[in-house]
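Q: Here are the chains, one letter per residue:
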Amino acid sequence: DIQMTQSPSTLSASVGDRVIITCRASHNINNYLAWFQQKPGKPPRLLIYRASSLERGVPSRFSGSGSGTEFTLTIDRLQPDDFATYYCQQYNNDFPEFPFGPGTKVDAK
Amino acid sequence: QVQLVQSGAEVKKPGSSVKVSCEASGGAFNSNTFTWVRQAPGQGLEWMGRIIPLLKKSNYARKFQGRVTMTADKSTNTAYMELTDLKSEDTAVYYCARDVGLPYGLDVWGQGTTVSVSS
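Residue numbers (the working numbering), protein chains in the order written: chain D, 1 to 109; chain H, 1 to 119.
Mixed in with the good hints there might be a few duds.
What the hints assert, rightly or not - Calculated pairs, DSS-like style, for lysine-lysine (alpha carbon to alpha carbon, straight line, at most 27 Å):
#1 12/H with 42/D
#2 19/H with 42/D
#3 39/D with 19/H
#4 105/D with 63/H
#5 109/D with 42/D
What the hints assert, rightly or not - Computed, partial: chain H to chain D, Cβ under 10 Å:
#6 11
#7 40
#8 43
#9 105
It should be emphasised that the hints constitute simulated quantities derived from the structure, not laboratory data. We put the CB at the ideal spot given by N, CA and C, even for glycine.
Generate the whole structure from the sequences, applying the supplied hints.
A: Here it is in structure tokens:
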């Protein structure tokens, strides 16, 4: 089974901060890693795919990096609209399941 | 732009089944893979499985094997997820989402369907 972990589980930050969230996969997923943002009562929103490709319409303050088993989502100059929960997901077809990480909640300090 | 519209909220008894629909509009149905994700109250996202209509192929999370069936009807542009033998732990919001194949991710999501299981 492939497992996804994220850290931290909760992150307190202020508007204008740089925020970094880490996601780790238990196996090499060949960069098939996506990042999502979710706000309460709403479906997730795709931010990043293939580890570092910015989804159309997503602000450039969001960026993704990493390879193999370790990945990061960075939010530069955090905006009020960015307080939300962030999930990573692996989608490498070599594995039969495409699990999400447990999530990282970004809240106001 | 593709839109996914899901069926309405359901209230079910333990042991019964639920079938949630996800109608796609605005694009070629067979160019999509449909994934189902659920979220229990206050919890994270749980991948349930996916179906590739063009290949008539589906794969499910081991946790749901034997209880879940995902289908797709090209004539109505609708994907379905049926979950049987419902338990209280199946109370959740169920989402459908689509992707158009590698390297792209789940870029379009339905609004979610609340399924409540209670005696």
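Q: Please go over all the hints and tell whether each is borne out by the structure.
A: Right, here's what the structure says about each hint:
1. Between residue 12/H and residue 42/D, the direct Cα distance comes to roughly 23 Å. Compliance with the 27 Å bound is thereby established for this hinted pair.
2. With a C-alpha separation of about 21 Å, the suggested pair residue 19/H and residue 42/D falls inside the 27 Å cut-off, and the hint holds.
3. Restraint check for residue 39/D and residue 19/H: satisfied, since their Cα atoms lie roughly 26 Å apart, inside the 27 Å limit.
4. This hinted pair checks out: residue 105/D and residue 63/H have alpha carbons roughly 26 Å apart, not beyond 27 Å.
5. Proximity of residue 109/D to residue 42/D is assessed by CA-CA distance (about 23 Å); at most 27 Å being required, the pair is judged to hold.
6. With a least beta-carbon distance of about 19 Å to chain D, the hint placing residue 11/H at the interface is violated under the 10 Å criterion.
7. For residue 40/H, the shortest C-beta to C-beta distance to chain D is roughly 13 Å, which exceeds 10 Å, and the interface hint is violated.
8. Hint on residue 43/H holds. Least Cβ distance to chain D is approximately 9 Å, under the 10 Å limit.
9. A cut of 10 Å between beta carbons decides the hint on residue 105/H: the least distance to chain D is about 4 Å, and the hint holds.
The structure does not agree with the numbered hints 6, 7 stated previously, though it agrees with the rest.
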